[in-house]
Amino acid sequence: MHAIDMVKGEYIKELLNKGFRDGERGMYEYRPISIQNGIIPNAEGSAQVDLGGTKILVGIKIDVDSPLPDKPGEGNLVTSAELLPLASADYDVGPPSPEAIELARVVDRGIRASEAIDMKSLFIEEEKVWSLFIDIYVLNYDGNLFDASTLAAMAALRSTRMPKYEDGKVIREGALPRLKVNSTVTSCTFAKINGKTVLDPNKGEEDIMDSRLTIATDGKYIRAMQKGLSGSMSYKTIEELVDISFDKSKELRNILDKAID
Amino acid sequence: MNRIVVPGDLLADAPISIENTLIYDNKTYSAILGMYDDEKKTLIPLEGTWNPRRGETVIGIIDEARPSSYSVDLNSPFKGMLIARFVSSRLQIGSVVEAKVKELDETKTVMLMYAKKLYGGKIIDIPPAKVPRVIGRGNTMIQQITEGTNSSIIVGMNGRIWIKGGDVALATEAILRIVEEAHTEGLTERIAEMLKQNKKVV
Amino acid sequence: MEAGEKPQLIINGKRTDGRAFDELREIKIEANVLKNAEGSAYIEWGNNKILAAVYGPKEALPKHVADPERAIVKCRYAMAPFSSLEEHGRSGPNRRATEISKVTREVFENVILLDKFPGCSIDIFIEVLQSDGGTRAAGVTAAAVALAAAGIPMSDLPYAVSAGKIGDNIVLDLNKIEDNYSDADVPVAISPRTGEVLLLQMDGNLTKEELSKALALVKEAGKTITKLQKDALKRDYEKITEKYKKR
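Residue numbers (the numbering used here), protein chains in the order written: chain A, 1 to 261; chain B, 262 to 463; chain C, 464 to 710.
Heads up, some of the hints might be wrong.
[To be verified] Dumping the calculated EDC-like pairs for lysine to aspartate or glutamate here, alpha-carbon to alpha-carbon at most 16 Å:
(1) LYS227/A - ASP210/A
(2) LYS579/C - GLU367/B
(3) LYS697/C - GLU441/B
(4) LYS169/A - GLU549/C
[What the hints assert, rightly or not] One-sided excerpt, in silico: chain C residues whose CB lies under 7 Å from chain A:
(5) LYS498
(6) ALA516
(7) ALA543
(8) GLU550
(9) PHE588
Hints are computed from structural coordinates only; laboratory data are not their basis. Cβ atoms here follow ideal geometry from the backbone N, Cα and C, with glycine treated the same way.
For reference, chain A alone in the conformation it holds in the complex:
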């Protein structure tokens, strides 16, 4: 972290102590969210999410593959994330960092655990299944990659077209059926700063947070959780944040529903 981020962080902490957030946001309020579907027609599914200044593009590609040896009757789900160097002065060129890998795995866990996709329905014939590739492309970083990526992945999945497999060839043109998505998962990410918790941290807040908690829900159940950074969290805090997540997730599901039409 650069010295300037420390200084900007001091100001944010000062405000938080008085109960305010920089930019006049509520402690558990999301920044403005916009979702655009199908912006990459070459892909089987795609969506761009803007969450405040954070910009995420998710592209979905579906190929024919062989199944995993221990799951011969199921398709594959592969989620990857790239923190593109153009998204932030702090992102470098190179192989995926632990942050990128954690982001991909947490988003993946939420989708997999909620059984949004029936993996058995991706079976084609013996030794041939569909592999579904979810690629999370971070285009601009301003905090809270988790919630924006989960929203973008969900929006992309819900508008994904399934290719056809005929005579040993993959057909991606013509009228294709929609991928069947059985549930909608969204996540809520909180930052703990000096004992206070806030929802949807921006970059300035993430620079100085002590710990972070992401909670993915589908409306009924908690489907995935991830605590990040080295600060500790009490049971009481975690339970409070779970309550807030169930509440806020309704708002997120509404936004998703409106975006898919």
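Using the hints, position chains B and C against chain A.
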């Protein structure tokens, strides 16, 4: 007559000696994205890095403390440097200072002098090209903002601004609006109007 | 270059997408689309969708790559794994992308006024989000806009476009299918002020006259492309100026 020019645009059929231009074949071309005035023959950059000049006020953050000098982050491709024995305040990493530009050395490090430590406050970074507009001719714009918000504001020519006290949010909003509309007419009046409408009893 | 079944690329004197031989695909350019980068541009060129962004000038790191006399230019061209009409592109180092990154960097090393920023680096990123042939030309065209938007001083605003040969015809701006089955493909970047070539690659078979025809098409197309680049740079400012114009 003002017009926006881009790198490679022809400005004049004769050589004009102004910054950010190139002369080929006795003709003058713009090297930058800027606003060119055909009559006054001035070229104002719309974006771009700060060009340090002796005596300019800057706001910096100490990012390295060595036995005899401090390295200063100036939000610029070039680092600032303060000689420790000429600094009266106790500085450490993260200290915010207001200082003046002394000179540039051969590696383009900005040698600074007259450093004063600043306590508390909020820092915002804006494109250096917009700083003149935030200050205004004869300081008119910045004075208007400090009066309208009761904030103390120090504007660094390097694009770093320090705001403390008063209505910090309103001061920030005014400055960001100036950055967006810097190239337009009537900006001073619009900011005056905005400050009047949003004035809170602080 | 021949495949088993070569599709008909020219039917009744028109190309598969209906274009004339010297016609460009539709191009749209928008500047300043990303907040963190110093400058950025988004280009749609036919079905290509490409983002270009610039960071810098900033301190060149690691220190041993810095040049004490001038800025160094770094360039990364990469394609998203979901960018093609066919399969998912598995990630990893890609020799084609490395080569394109190099020849693109060389375009900008020519026009950027490097000695204004000793010890610094200027980093250019080109991400192809959707591809349909001619991505390196679109990338160069967008990167030029991103650099100007970042306020980086340059001697010119380069543009690029490809020309090629289909059968006996020299055509402008090959899309993906044309590129796959053409008899020659020539991407070119030009410094419009001087008309000189900053990037040139070619593969296939061309006579000298055919090459001249191709280069002429490129130069003619430059008028349109340059105007689009300038409009993209001016648009945001002019919109705001219009809004507050004193009547």
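Can the restraint linking LYS227/A and ASP210/A be considered satisfied, given a maximum Cα separation of 16 Å?
-> Holds - the C-alpha atoms of ASP210/A and LYS227/A are around 11 Å apart, at most 16 Å.
Minimum beta-carbon distance criterion (7 Å), ALA516/C to chain A = Nearest chain A Cβ about 4 Å off; hint holds.
Go through the hint on ALA543/C and say holds or violated, using the shortest Cβ distance to chain A against 7 Å.
-> holds (6 Å)
Are the Cα positions of LYS697/C and GLU441/B separated by 16 Å at most?
-> holds (14 Å)
Given LYS498/C was flagged as interface, is its beta-carbon under 7 Å from a beta-carbon of chain A?
-> This hint holds: LYS498/C lies near chain A, its Cβ roughly 5 Å from the closest one there, short of 7 Å.
Close enough to count: is the Cβ of PHE588/C nearer than 7 Å to one in chain A?
-> holds (4 Å)
Holds or violated: LYS169/A to GLU549/C, with C-alpha atoms at most 16 Å apart = holds (11 Å)
When the least beta-carbon distance from GLU550/C to chain A is tested against 7 Å, hint result | Nearest chain A Cβ about 5 Å off; hint holds.
Given the hint that LYS579/C pairs with GLU367/B, does the C-alpha gap stay at or below 16 Å?
-> holds (12 Å)
Violation of the numbered hints given earlier is absent; every hint is satisfied by the structure.
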